[in-house]
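Participant: Now for the letters of each chain:
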Amino acid sequence: MLLDPDGRPTAAGKAALPAGEELLRGLAGMVTARRFNEQASALVRQGRLAVYPSSYGQEACQVAAAQVLADGDWLFPTYRDTAAAVARGVDPVEVLGLLKGDWHSGYDPYERRVAPLTTPLATQLPHAVGVAHAARLRGESTVVLAICGDGGTSEGDFHEALNFAAVFRAPVVFFVQNNQYAISVPLARQSAAPSLAHKGVGYGIPGEQVDGNDLAALLDVLSRAVERARAGAGPQLVEGRTYRMQAHTNADDATRYRTDDEVAGWAAKDPLVRLETYLRAEGVLDDAHAAAFAEAAEQVARRTRDGINQDVEPNPDDLFGYVFAQPTPQLVEQRALVRDELSREEARS
Amino acid sequence: MLLDPDGRPTAAGKAALPAGEELLRGLAGMVTARRFNEQASALVRQGRLAVYPSSYGQEACQVAAAQVLADGDWLFPTYRDTAAAVARGVDPVEVLGLLKGDWHSGYDPYERRVAPLTTPLATQLPHAVGVAHAARLRGESTVVLAICGDGGTSEGDFHEALNFAAVFRAPVVFFVQNNQYAISVPLARQSAAPSLAHKGVGYGIPGEQVDGNDLAALLDVLSRAVERARAGAGPQLVEGRTYRMQAHTNADDATRYRTDDEVAGWAAKDPLVRLETYLRAEGVLDDAHAAAFAEAAEQVARRTRDGINQDVEPNPDDLFGYVFAQPTPQLVEQRALVRDELSREEARS
Amino acid sequence: MTSVTSMTSAAVEHETLSTAQAINRALRDAMAEDPTVLVLGEDVGALGGVFRVTDGLTAQFGEDRCFDTPLAEAGIAGFAVGLAMNGMRPVIEMQFDAFAYPAFEQVVSHIAKMRNRTRGRVGLPLVIRVPYAGGIGGVEHHCDSSESYYAHTPGLHVVAPSNPSDAYSLLREAIASPDPVVFLEPKKLYWAKGDVALGNAREPGIGTAVVRRRGSDATLIAYGPSVPVALEAAEVAARDGRSLQVVDLRSIVPFDDATVCAAVESTGRAVVIAEAAGFASIASEIAARVSERCFHSLSAPVRRVTGFDIPYPPPKLEHIQLPSVDRILDAVDDLQWEDA
Amino acid sequence: MTSVTSMTSAAVEHETLSTAQAINRALRDAMAEDPTVLVLGEDVGALGGVFRVTDGLTAQFGEDRCFDTPLAEAGIAGFAVGLAMNGMRPVIEMQFDAFAYPAFEQVVSHIAKMRNRTRGRVGLPLVIRVPYAGGIGGVEHHCDSSESYYAHTPGLHVVAPSNPSDAYSLLREAIASPDPVVFLEPKKLYWAKGDVALGNAREPGIGTAVVRRRGSDATLIAYGPSVPVALEAAEVAARDGRSLQVVDLRSIVPFDDATVCAAVESTGRAVVIAEAAGFASIASEIAARVSERCFHSLSAPVRRVTGFDIPYPPPKLEHIQLPSVDRILDAVDDLQWEDA
Ligand SMILES: Cc1ncc(C[n+]2csc(CCOP(=O)(O)OP(=O)(O)O)c2C)c(N)n1
Ligand SMILES: Cc1ncc(C[n+]2csc(CCOP(=O)(O)OP(=O)(O)O)c2C)c(N)n1
Ligand SMILES: [Mg+2]
Ligand SMILES: [Mg+2]
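Chains as they are written, first to last, in numbering that gives the first Met the number 0: chain A, 0 to 348; chain B, 0 to 348; chain C, 0 to 339; chain D, 0 to 339.
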């Protein structure tokens, strides 16, 4: 921890706090991320998104994950990390594509080097290692930051990915966003380890735990991990301890498995408030900044709203067009069948 | 290490050496295991077994894994641990069933509480946890010892099994028989961890490394782990460092990936010689014992030879009889087809 | 295949339940009757499952009987193997179809093979519950029809109810079975209500198909979520004067050749309906079997109305993939009626 | 489907090689031509693979190009996804058929779906080599015919050579393909020698079946290890005066309907042959397709000679499971010749 929950620098913080510039950028990102979370949740209520797993309360992790990376680096998000993808510059409407239901991945992963958001937990981690290894084989200095939930650490793919990364000394930072729950299952039923950061030991990977609601500490720890990986020292595991303030998704009922008190306790550790308090106290942040940040966030919210509210007529032909580079004769036949059916349907109506 | 490679007690050994009785039993077991390994390899050369993955050189691990268990406990072997199954009292001919090719598992797993030998690596580990948990739910004091190779630790199933065991505090001792190779792949390319015992840390499971060619040390460490598990203190991970003295199986050519020097270095650490030297020096072992052990081993070898040399005509009906408790109508039809075909074949000849 | 337990009482209790409630009730009744029945998986405890299918089981039976596991499907399946080896009857929940794939090796290499491997000494009385198939607007990986993978694997029983009453009775029988059963729960039918016959009087048993609607012109063969669509198609066809028969397979393995063949022979024409991608699927099997066994009764080739050979579409396009009444009726129209 | 690269040279080099050597040569030639081709898996480096298929590749191309991975199949497949996303063309080896199952989720949920998921932005040019099927006296889990799992999964190409020359050419084409290809290597043919046309002139391409033997009475449809058995059956039948035609599919996905249907229509009778358990398999698909598409040309039901619906037998009983010349000829005899 570099800032305590009340926004005061800790002893460590006094030595290691990132530059005010960096922190301001981070705060701006968090304000946008928070607003984006709120907007997306509203869109679910309005029936414009099928589902939304909110990262409300986890904005420090979301923003830090993007902020520590260079343009040539890669981010591998989980399905919850839409705000991180937005922080990395992916169009917010495209980010929500999966959850809107138009298509699976709404954005081009190569454009901002953000892997597609998908739901099978931990399965993206070995991909991250492969991307990192390929870059290294070509002598590029790419670093890959791959996010995973506390629940995801129980999957075999987590294990295999960390082991591959360690054995190949791949430049990957594994960032476990420990928000204390996997849907309804609390950390204590997920793992008996002293911490999730301890999971690095069995692979020979350094593990570090960090307060996941302290943007300053996250930037510090993650950027050191990224630069270490870039320098060729191999992978690292970082556990950010945070909290999923809302239900798993809009479809979930969190009151079935956790208490209001617990939630209130974490509300008091809000990452935005903490950083804002500090930056104001230091005189780095003034009202003009704050207003500008809010306005930038509002723009993202507006763009999100407008984009998601736009109905694009999906094209059934697309279902057959991307299965392979060239459709098989079977797919050509099936596409013709659908076209025929739809044209007859149209003729009828 | 309780005994050094030359069979002299180490400082630790002086305090912790198991009783002479136990060590004698262990030596007897190792003599049988060694003879069994030689016999099985000979049977492969004679074309009586399809394949044999020998545990030559690993006899201390094989015997200790069986010796530390009570009758009501369970042993989960890998495909290499035929000698451990024999040490636990499974009929040696039945143990080799899989490798002879008559059927898959040659023995009744419930008879001596030894799970079937199968080849998919690490997949038996979650089974072991389930067996242990079921016993615990019924309030039984069963402990399960599950073996796994160094290579097997890289599989997702290893990870998931250890995590389940830790979270459920299941009475399982995971015994990693680190023989330095997974077929041709040396440990250094399998893992970058300081030791395989370190793999316990990430699950909150105590890990201990032990000289896998030192039967005394193995008995000491494993039996403490077993009793700890029995007492309800949860799972433990034990890494036995040993060496696969022969090729992976008869079909393998180990000269492609390791040097004679390396093999010779380990030959000097033979587990049988080490224990025998000590027991003779202590006056616990005399020639009469040694002769009796050799004779007992010879009996097992004879029984193995005789049994494996016996050709049992396999019954094609069996293929359809055990798929389900009741064959489906489809299987009944298919069995009839085979019967018909075979009877016509017989008629023709 | 006869039912494992036979009819025990004449007076059967009835209740109106949704499919999800019927499954819940089956679990509850089985757990009450047999203390070795355990329910486990991700979020099945306090939460009661993401579809609330296990709601209240932990409260009623305690944490030893219904409990959450760590998030690892291979681990869950493998752990269940051990439980079943050691006297328990585990019922495991895979949260969604596509999230059962990490357990594939445990299912194929151990669960399906253990009895055979050990010459019948180690049977695995376990049930794998898989909420499956589409029609609920789920995002990628939440709508796979994975049944063909299981049905192709020797050693697994595979059943799929099409209504709440079968959901109850097939699950009771699956839990009582000495063999592993993949129990496919059509997600889109979770909320569909119907009359449910309770109790352990389980007739017809696993392995028995049922003719849901009699008809004389052509036979629709379906299972799980496609049965209601087939019935609707038959209803619409009836208005146009075409009499369609509907067979509900209920059990895919074992397969009820007798009922299916008799139905097809009585009409001389058949359409097979399933949501899964068609290539090398259960629908292929049914079409191949029927074409072979009813060859001389067939007046037209057996048609298949299945999912296309594409990854399951995003929500806004899933209606294209799902067998619809229109597609079924088109296939029926194609059955070369001019020859009839 | 046309070949990705077209015929480039008129004079093609030929060599006599075993299937294993042909595959080795294909890897070597592809690696020499394209520095992004990587070979990885368990024991593929110093050892050269348990079947020596990758022998010498590390020596020739260095450890960056052909290397051993940790022992974890899901890891290998997932790692390959990342390599392919980032400019490489990985060729991964699954040591044996059944040991590919731990990778199932990566194969089904990512490898098969990535191009579609991203609207064609992220293609995965990777090859999954699977030594598969039986006939080598292997113990449990070493002889599975797992092809139906892959063929049923939309998004994967699935090919199976039946001879050294196809092993070479199909693998060259698989490596050059922009899409993931499951390359099935019939283990029992590893040591079979034959003439191999080298070079990257790959005709006929993936997606094309070939009539291996012309005949007029019935058509045998086979792929991979069943092709030589079918050819032998045709040889034996010829002595008895029956003229059997043999189609070698080579490619299962895409499927060559045109060649298969033309062949079946020319004979009016068909037998499908495959080692895999028959239920809901590729053989089911072929039988269903042929029955549907060639309906009016068929003089008898399409018969299937496949593995039974049982776990693969132990070595001493595998001859019962494998389609044999006798079983094929029995099926041919059953094709209702009295009507002809
Ligand atoms: C392989 C797999 N199994 C199960 C699921 C269903 N599921 C979706 S989210 C979730 C919990 C994830 O928890 P965690 O990894 O902690 O991430 P968080 O939701 O807290 O961000 C589960 C079980 C899934 N998506 N993938
Ligand atoms: C899941 C799986 N993948 C691959 C194999 C093929 N294989 C058989 S033994 C072996 C090496 C095993 O090494 P280790 O676990 O160290 O055990 P050891 O052979 O040294 O006893 C491999 C890769 C297998 N049996 N199972
Ligand atoms: Mg979480
Ligand atoms: Mg080893």
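Calculated from the structure, these hints are not laboratory results. Possibly wrong hints are sitting among the right ones.
Stated by the list, open to error - Capping the alpha-carbon separation at 20 Å, the derived lysine to any residue pairs in SDA-like fashion look like this: (1) C:LYS315 - A:ARG279; (2) D:LYS187 - B:VAL311; (3) C:LYS187 - A:LYS268; (4) A:LYS268 - A:ARG7; (5) C:LYS315 - A:ARG304; (6) D:LYS192 - D:GLU12; (7) A:LYS268 - A:LEU48; (8) D:LYS315 - D:ILE135; (9) C:LYS315 - D:SER215; (10) D:LYS315 - B:THR276; (11) D:LYS187 - D:GLU231; (12) D:LYS192 - D:GLU14; (13) D:LYS187 - B:GLU340; (14) B:LYS13 - B:VAL311; (15) C:LYS315 - A:ARG111; (16) D:LYS187 - D:GLU12; (17) D:LYS315 - B:GLU340; (18) C:LYS315 - A:PRO8; (19) A:LYS13 - A:ARG279; (20) D:LYS315 - B:ARG304; (21) C:LYS187 - C:ARG292; (22) C:LYS192 - C:GLU14; (23) A:LYS268 - A:ARG304; (24) A:LYS13 - A:THR276; (25) C:LYS315 - A:LYS268; (26) C:LYS315 - A:ARG334.
Computed from a predicted structure; not experimentally measured.
Participant: All hints, please: hold or fail.
Facilitator: To see whether the hints hold, each was checked on the structure:
A distance of roughly 46 Å separates the Cα atoms of C:LYS315 and A:ARG279; the hinted pair therefore is violated under the 20 Å criterion. Using a Cα cut-off of 20 Å, the hinted pair D:LYS187 and B:VAL311 is violated, with the two alpha carbons roughly 25 Å apart. With a CA separation close to 41 Å, the supplied pair C:LYS187 and A:LYS268 exceeds the 20 Å bound. Between A:LYS268 and A:ARG7 the CA atoms are separated by roughly 12 Å; this keeps the pair inside 20 Å, and the hint holds.
Our distance criterion of 20 Å between C-alpha atoms is met by C:LYS315 and A:ARG304, whose separation comes to about 18 Å. Proximity of D:LYS192 to D:GLU12 is assessed by CA-CA distance (about 16 Å); at most 20 Å being required, the pair is judged to hold. Taking the CA atoms of A:LYS268 and A:LEU48, the gap is about 29 Å. The hint is violated against a cut of 20 Å. A hinted pair counts as satisfied when its Cα atoms are at most 20 Å apart, and D:LYS315 with D:ILE135 qualifies at roughly 11 Å.
Distance check on the hinted pair: C:LYS315 and D:SER215 sit about 50 Å apart at the alpha-carbon level, beyond 20 Å; violated. Distance check on the hinted pair: D:LYS315 and B:THR276 sit about 44 Å apart at the alpha-carbon level, beyond 20 Å; violated. A threshold of 20 Å between alpha carbons decides the hint, and for D:LYS187 with D:GLU231 the separation of about 15 Å falls inside it, so the pair holds. For the proposed pair D:LYS192 and D:GLU14, the alpha carbon gap of about 10 Å is at most 20 Å, so the pair holds.
Distance restraint check for D:LYS187 and B:GLU340: the Cα-Cα separation of roughly 24 Å exceeds the 20 Å cut-off, and the hinted pair is therefore not satisfied. At roughly 51 Å between alpha-carbon atoms, B:LYS13 and B:VAL311 are farther apart than 20 Å, so this suggested pair is violated. For the proposed pair C:LYS315 and A:ARG111, the alpha carbon gap of about 26 Å is over 20 Å, so the pair is violated. Pair hint D:LYS187 plus D:GLU12 does not hold up; C-alpha atoms about 26 Å apart against a cutoff of 20 Å.
In summary, the hint linking D:LYS315 to B:GLU340 is supported, as the alpha carbons are separated by about 17 Å, within the 20 Å threshold. About 49 Å separates the Cα atoms of C:LYS315 and A:PRO8, which puts this hinted pair outside 20 Å; it is violated. Our distance criterion of 20 Å between C-alpha atoms is met by A:LYS13 and A:ARG279, whose separation comes to about 16 Å. Among the hinted pairs, D:LYS315 with B:ARG304 is consistent with the structure: their alpha-carbon atoms are about 18 Å apart, no more than 20 Å.
For the hint pairing C:LYS187 with C:ARG292, the CA-to-CA distance comes to about 33 Å; that exceeds 20 Å, so the pair is violated. Taking the CA atoms of C:LYS192 and C:GLU14, the gap is near 10 Å; set against the 20 Å cutoff, the hint holds. Distance check on the hinted pair: A:LYS268 and A:ARG304 sit about 29 Å apart at the alpha-carbon level, beyond 20 Å; violated. Restraint check for A:LYS13 and A:THR276: the C-alpha separation of about 16 Å stays at or below 20 Å, so the hint holds.
Between the alpha carbons of C:LYS315 and A:LYS268 the distance comes to roughly 39 Å, so the proposed pair goes past 20 Å and is violated. Restraint check for C:LYS315 and A:ARG334: satisfied, since their Cα atoms lie roughly 17 Å apart, inside the 20 Å limit.
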